[in-house]
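Novice: Sequence:
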Amino acid sequence: MGRGRTAKPLYQVVEDHIRGLIDSGTLVPGDLIPSEPQLARQLDVSQGTVKKAIDNLVWERRLYRHQGKGTYVSNIDFNNSLFRFTTYGDADGIPTRIHKETTARHIEQASNALRAKLQVSADTQVLYIERVGYVDDQPVMVEYSHWRADIVPGLEDEALHIPDLLYALIVEKFHVPVVRAEETLTAGAADKQTARHLEISPGTPVLVLNRTTYTRDNQIIEVRTSKGRADRFSYKTEIR
1 MGRGRTAKPL
11 YQVVEDHIRG
21 LIDSGTLVPG
31 DLIPSEPQLA
41 RQLDVSQGTV
51 KKAIDNLVWE
61 RRLYRHQGKG
71 TYVSNIDFNN
81 SLFRFTTYGD
91 ADGIPTRIHK
101 ETTARHIEQA
111 SNALRAKLQV
121 SADTQVLYIE
131 RVGYVDDQPV
141 MVEYSHWRAD
151 IVPGLEDEAL
161 HIPDLLYALI
171 VEKFHVPVVR
181 AEETLTAGAA
191 DKQTARHLEI
201 SPGTPVLVLN
211 RTTYTRDNQI
221 IEVRTSKGRA
231 DRFSYKTEIR
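In terms of our numbering, the sequence shown opens at residue 1 and continues consecutively.
Taking lysine-lysine pairs in the DSSO-like style, the calculated list, with each CA pair at most 27 Å apart, reads:
| id | residue 1 | residue 2 |
| --- | --- | --- |
| 1 | Lys-69 | Lys-52 |
| 2 | Lys-192 | Lys-117 |
| 3 | Lys-51 | Lys-100 |
| 4 | Lys-69 | Lys-51 |
| 5 | Lys-192 | Lys-100 |
| 6 | Lys-173 | Lys-117 |
Ranges between beta-carbon positions, derived for each pair:
| id | residue 1 | residue 2 | range |
| --- | --- | --- | --- |
| 7 | Ala-189 | Glu-101 | 21 to 29 Å |
| 8 | Gly-68 | Ala-7 | 34 to 42 Å |
| 9 | Gln-193 | Lys-51 | 34 to 42 Å |
| 10 | Ile-107 | Gly-20 | 32 to 40 Å |
| 11 | Leu-114 | Gln-138 | 29 to 37 Å |
| 12 | Ser-46 | Leu-114 | 47 to 55 Å |
Treat the hints as calculated values from the structure; they're not laboratory data. The C-beta atom is built at its ideal place from N, Cα and C for all residues, glycine as well.
Let the sequences and hints guide you as you build the complete structure.
Specialist: Below is the structure:
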């Protein structure tokens, strides 16, 4: 009788499952992978087995583990300060996983105010992207982002998946380096659109984060306003 085939170790089964999600395009660079408990339940293995598989894929640079935020599909420079030194958290400042879903995107003509912020001419078109961030299926933040449309041609196509880390897509697909960003954090009140997304009443206090993003040669490529529930959301920047 021939010798039976040796069963593959369970951690390798988990590795193969995650690789399959990446290779098939189900997960792309910048996507947040399922949590260790989720993968353990899905594949009927222990969390220790999942952790070993993820550790191996991190070592291979297929994945990147961001402390307190989760594990992402890699293949970009996550050591860039825009990825390393900003952290979303709960109201107590504890880092947490935030999954983002794109709720709107379209090309539009830039208003006078937006043209001034982007430093572009009157005939420049911009891409508007709206995304809602969730913690445990509860909305905690909403992003209103405007990009120079010529920098990200085709991103308006809804068939193109936008990962949790939008900058990963900008770097990978459009080959536009995200060099730095300037931010201001203030307090505000929820407008009707924000209130609807966050499932709160208009006028409820929110945190407002305004960001201007630059590529090489000090060129502005994005202006963004993020609004988060003051009772569920915090934002920390680490400076080194």
